[in-house]
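**Q** Given the coordinates of chain A, assemble chain B onto it according to the supplied hints.
Heads up: the sequence lines are chains A and B, in that order. First residue of the first sequence? That's 1 in the working numbering, and the numbers climb one at a time after it. First residue of the second sequence? That's 1 in the working numbering, and the numbers climb one at a time after it.
Don't read these hints as lab results, they were simulated from the structure. One should not assume that every hint holds.
In this list, chains with the same sequence are indistinguishable; a pair is considered to hold if it fits within one copy or across any two.
[As the list claims (entries may be wrong)] Think about it this way: if two alpha-carbon atoms lie no more than 25 angstroms apart in a straight line, the pair counts; the simulated DSS-like pairs of lysine-lysine are:
no., residue 1, residue 2
1, 370, 178
2, 79, 281
3, 71, 136
4, 434, 313
These numbers were taken from a predicted model, which means no experiment stands behind them.
Protein chains: 2
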Amino acid sequence: MDIIYKLDKTSDIPLYIQIQNHIISNIKKGNLKNGDKLPSQRELAKLYDVNRSTVVNALDELISKDILESKTKRGTTIKDDTWSILSNQNNLNWMSFAKSGSFYPNLNTVRTINEYDNKNLIKIGAGELSDDFFKKDIMETILNDMKVNINSLKYENAKGSYELRLLLCDYFKKIGIKNINPDKILIVSGALQALHLISIGILNRNSTLLTEMPSYVNSLRVFQSADVNLYGIKMDENGIITKDIKKAKRISKASLLYTIPYFHNPTGVSINEKRRDELLKICNDLKLPIIEDDTYRELYFDKPYKPLKAYDKNDLVLLTGSMSKILFPGLRLGWIVGKEIIIDKLADLKMQIDYGTSSLSQEACISLFKKNLLKKALDENRKELKNKRDYMLKILNMYFKDIASWNRPNGGYYIWVKLNRNISLKKLFDNALKNHILIHPGDIYHHSMKNHIRLSYSHASYEEILYSLKTLSKLIQIQNH
Amino acid sequence: MDIIYKLDKTSDIPLYIQIQNHIISNIKKGNLKNGDKLPSQRELAKLYDVNRSTVVNALDELISKDILESKTKRGTTIKDDTWSILSNQNNLNWMSFAKSGSFYPNLNTVRTINEYDNKNLIKIGAGELSDDFFKKDIMETILNDMKVNINSLKYENAKGSYELRLLLCDYFKKIGIKNINPDKILIVSGALQALHLISIGILNRNSTLLTEMPSYVNSLRVFQSADVNLYGIKMDENGIITKDIKKAKRISKASLLYTIPYFHNPTGVSINEKRRDELLKICNDLKLPIIEDDTYRELYFDKPYKPLKAYDKNDLVLLTGSMSKILFPGLRLGWIVGKEIIIDKLADLKMQIDYGTSSLSQEACISLFKKNLLKKALDENRKELKNKRDYMLKILNMYFKDIASWNRPNGGYYIWVKLNRNISLKKLFDNALKNHILIHPGDIYHHSMKNHIRLSYSHASYEEILYSLKTLSKLIQIQNH
Chain A
1 MDIIYKLDKT
11 SDIPLYIQIQ
21 NHIISNIKKG
31 NLKNGDKLPS
41 QRELAKLYDV
51 NRSTVVNALD
61 ELISKDILES
71 KTKRGTTIKD
81 DTWSILSNQN
91 NLNWMSFAKS
101 GSFYPNLNTV
111 RTINEYDNKN
121 LIKIGAGELS
131 DDFFKKDIME
141 TILNDMKVNI
151 NSLKYENAKG
161 SYELRLLLCD
171 YFKKIGIKNI
181 NPDKILIVSG
191 ALQALHLISI
201 GILNRNSTLL
211 TEMPSYVNSL
221 RVFQSADVNL
231 YGIKMDENGI
241 ITKDIKKAKR
251 ISKASLLYTI
261 PYFHNPTGVS
271 INEKRRDELL
281 KICNDLKLPI
291 IEDDTYRELY
301 FDKPYKPLKA
311 YDKNDLVLLT
321 GSMSKILFPG
331 LRLGWIVGKE
341 IIIDKLADLK
351 MQIDYGTSSL
361 SQEACISLFK
371 KNLLKKALDE
381 NRKELKNKRD
391 YMLKILNMYF
401 KDIASWNRPN
411 GGYYIWVKLN
421 RNISLKKLFD
431 NALKNHILIH
441 PGDIYHHSMK
451 NHIRLSYSHA
461 SYEEILYSLK
471 TLSKLIQIQN
481 H
Chain B
1 MDIIYKLDKT
11 SDIPLYIQIQ
21 NHIISNIKKG
31 NLKNGDKLPS
41 QRELAKLYDV
51 NRSTVVNALD
61 ELISKDILES
71 KTKRGTTIKD
81 DTWSILSNQN
91 NLNWMSFAKS
101 GSFYPNLNTV
111 RTINEYDNKN
121 LIKIGAGELS
131 DDFFKKDIME
141 TILNDMKVNI
151 NSLKYENAKG
161 SYELRLLLCD
171 YFKKIGIKNI
181 NPDKILIVSG
191 ALQALHLISI
201 GILNRNSTLL
211 TEMPSYVNSL
221 RVFQSADVNL
231 YGIKMDENGI
241 ITKDIKKAKR
251 ISKASLLYTI
261 PYFHNPTGVS
271 INEKRRDELL
281 KICNDLKLPI
291 IEDDTYRELY
301 FDKPYKPLKA
311 YDKNDLVLLT
321 GSMSKILFPG
331 LRLGWIVGKE
341 IIIDKLADLK
351 MQIDYGTSSL
361 SQEACISLFK
371 KNLLKKALDE
381 NRKELKNKRD
391 YMLKILNMYF
401 KDIASWNRPN
411 GGYYIWVKLN
421 RNISLKKLFD
431 NALKNHILIH
441 PGDIYHHSMK
451 NHIRLSYSHA
461 SYEEILYSLK
471 TLSKLIQIQN
481 H
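Only chain A is shown next, with the shape it has when bound in the complex:
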């Protein structure tokens, strides 16, 4: 090992990361080989001219990554493993450090939430329908219909099943999108894949996306992984503050606006009709294309708004939607609707990355439309979600009145709770976990949302809502900071 090495103490890259990089580069160069023993921690601290705790930090992470091995008797040795090195080469944590350390600070919480997602916890913030919403009867009808209809199961064409896209045209016309045909529709494997395709297909590296602040995409890595920057625009009770868009575009040089205008994630807010007009007008003036994330559309409790796309004369809007939030998450079926040349390009890209969405899921969706099963299912889901919203608001009123404020969503899943005083969300998250409750802290949707929690009435049962909110209220009140 090349021991004459000086760390750069002025660098944004933390010292323990610099030490890790130095060790790895020595393994790569072959200076350190399988079984080689590293100097003791004390010696390393001296060599690198850092505290011993910095060395411990550096070594611990390399051990957890299978690059080093700690044998109490022999000290720390090299566990030379080609895959470990390879898999850690572009480790995202490291990359984020390399990018000055301020990149995606909430990543760890999101990962923790994903990890706990399959555990037996009460998911009071989960963005998913619980099994209580599963329609066994509808699934049976679909499967029976598929038995008759499926006579092959081959690769679909690039934009997805033509029959399905025809059926979707009818649906889009019903929600107000008149200027539609199957060539303007791409079937994708869920709305998240839609964003992945858009991020790698039509956005350049280092371009910027305007979004609501907070926004679902802040908790996603899909744009960040494509090196697309996010620039947030504030919201009020009627959605994104449209008058801020012009300035934001000028400052950020953004090339797209991403919005969830209906039952916004995480706030539950909808853009009202007056502001929808304003939004379209401003974006038309600025020639700023819009991604309209319309995934929660069908979960309205009052008279529904039309999508932005319905008023979009200049094909400025790319609308994404999906079956995941409204009926069957596991179908992994969504769509992108918009200008044909963009749809063509994204379709070409989709063929390159997975050669199309499951034909089985597409067939299931065809049966769902053809057998007129969707309306009945959605009527039931809307009714039940509305009941659960009312119940959650009632319980909030009982236990959160003195410690927080919140909104009353007219559809979708989410209630955005703002605590009256500053407490550590991280600590609250941990304390809730100890009580078997998984919460979604507000700061994963924007780092400034340190007093917020996203609640959802889509997943937890009535009993679980009562228990969780009662417990959280207590935890919040006894938490010091």
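**A** Quick look at chain B alone, frame taken from chain A:
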């Protein structure tokens, strides 16, 4: 428009592309606006100091891309369209030109093949089972079983259904992979997605992948789009020439080897057992991880080989496989098997890009395994594919004996035909199309394969095989060059 502009005539970027870039940059800067008229072609030729045909080329493409509009009376005008500009900003054709013009010359052919793929043509080179191989009875049994078993349809956990991964463990043990558990398996949406995940998840931009020359991946954009370079290693009748690997790695600084050791695409060649040992030994010595593309495995006509992964003591091999080639293409279901830390990382990435493979497809696959339907289906497919191989070889013998040579594959789909003399594959492709035959020219698998054609006995019927080969033989013989 800024008319004082000098094209760089020494650049690798073709002049007509430079003109296009200049026009677009003027639109972006706002110097050219919607409806503005361009100077006449003659004037432009003078301004840019090029032939008029170069101007025509430049304008034609911008018109086809919806950026310009040609109105006979008014000349060429700007059709200012935000999406057009955006979608063409990172247009891949342009990018490839910008990268010195030698990048992926076969792209157009691949795109043409994809476009014609859904037309009513004889696909004599298609890598897909025809509808004749569809097992209606098996699909019915599966759908019946699903009716009983599906009690929810939610997001699966990151690596895919645990039940399915357990069933796959049994399967992997049967083919010789002993050291396996569900945590080492990731369910993906087909083997192509496996490559997409690997390319963006564990390979750095500008890293290099060793591959067989020719190789399926040369016709794919999945690695190229992730800025991964390909470096080819020659093959003989027993597969990749192992003794060339060491030097290739040194020269190319490659970080992975991608191989299709069994029923190679496009050549149909398999690596024999002796050479499998050599390959593993060399890669172990070089610490060169292997991606083993095992998609055609189950389509053997003789006693099967074990996968490389079965002999892989050091977890050097990442094996990919899928249901697509052996039974149901439209299921879009495949897997990656390998070292757990890599599988973890790829699973995390998969959640980021599409939140998991269709639960419906996964359930179908569970039924397929649990009801023991796979063996019967594969026995039938192997038998029929073998018959069709024999038939194709017979017809080749009748019509190609004097004009080409070819191999005799022991499984899979492909026969790799080498023509005895140089003719233009492009011309042959076009002439074949006129006769309703879609061929796969060899040069899409490596630019040097200018005398080759990939034939497949998986898709065309017996009659179509006869007609195509008879016709192609005639076309080849009458073609001048």
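**Q** Can you list which hints this structure breaks, lowest number first?
**A** Structure breaks hints 3, 4.
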